[in-house]
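K.L.:
Model the full assembly from the supplied sequences, consistent with the hints where possible.
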Amino acid sequence: MNDTRTSRKPRTVTPSVAPARAPQQPAARPAPAVQPVITAPDWPSRWHLLIPARVRNTAAALGLWQNPIPLKPSDHLTQTLAVLERYGWCRSLDFSPTGRMCIRGAQTLLEHAGHVTPAHRERAVQYMQHTLAKVTDMPFYAWNDLPERTFPQVSHLITTSAALARTHGE
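Quick note on numbering: the sequence shown equals residues 16 to 185 in this note's numbering.
Fair warning: there could be bad hints in the mix.
Now the in silico label distances, taken between C-beta atoms and shown as ranges [what the hints assert, rightly or not]: (1) 149 to 61: 38 to 46 Å; (2) 137 to 73: 35 to 43 Å; (3) 78 to 152: 41 to 49 Å; (4) 67 to 145: 18 to 26 Å; (5) 103 to 74: 30 to 38 Å; (6) 148 to 76: 37 to 45 Å; (7) 133 to 111: 21 to 29 Å; (8) 170 to 84: 22 to 30 Å.
These are calculated hints, taken from the structure and not from any lab test.
Each residue gets a CB set at the ideal place from its N, CA and C atoms; glycine is no exception.
P.N.:
If you want it as structure tokens, here you go:
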């Protein structure tokens, strides 16, 4: 007895009749995390500046106040640059009579408004000092006040420091 199942050839159809296969797509990559757009905040209201941080934090815990979310050092540096671009940069004064600020003044504004914690601000300062160490051993606020300093140089310092902080995961 001859078994026909084992001796048969597989059935094939002409390519025009065969259903088209969908092209294989590479494995889906996870979408990159959406980075928040970091902008300069509005100038804090007089109430915000007059109420001590301790009272604001207590009111926020009770749901009576909305504190901003503190940023990590790299985002704080980026926001510091945004503040300087929005309100203007100056030398020799943290806050000028016309509302311009130096780097330290912009950081102070952001800390008083609650956009950065003192610890994260200190880490951001360390990144700026590390970046400046390649050029000079001056503190960043003294470097900012030099007569030959320009805003593009300040912008470069802050941008480079923020990139360094990002590479370290901060």
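K.L.:
Using the C-beta atoms of residue 137 and residue 73, is the stated range 35 to 43 Å upheld?
P.N.:
violated, 24 Å
K.L.:
41 to 49 Å was suggested as the range; check whether the CB atoms of residue 78 and residue 152 agree with it.
P.N.:
holds, 48 Å
K.L.:
Quick check: does the Cβ-Cβ distance between residue 149 and residue 61 fall within 38 to 46 Å?
P.N.:
Once the Cβ atoms are compared, 41 Å apart, the range 38 to 46 Å for residue 61 and residue 149 holds.
K.L.:
Holds or violated: 30 to 38 Å for the Cβ distance of residue 103 and residue 74?
P.N.:
holds, 32 Å
K.L.:
Has the hinted range 21 to 29 Å been met by the Cβ atoms of residue 133 and residue 111?
P.N.:
holds, 24 Å
K.L.:
A range of 37 to 45 Å was offered for this pair. Does it hold for the Cβ distance of residue 148 and residue 76?
P.N.:
Given range 37 to 45 Å: holds, Cβ gap about 40 Å.
K.L.:
Given a hinted range of 18 to 26 Å, is it respected by the beta-carbon distance of residue 67 and residue 145?
P.N.:
violated, 33 Å
K.L.:
Per the hint of 22 to 30 Å, is the separation of the Cβ atoms of residue 170 and residue 84 within bounds?
P.N.:
Holds, since residue 170 and residue 84 (Cβ atoms, about 25 Å apart) stay within the stated range.
Going through the hint list in order, the structure does not satisfy hints 2 and 4.
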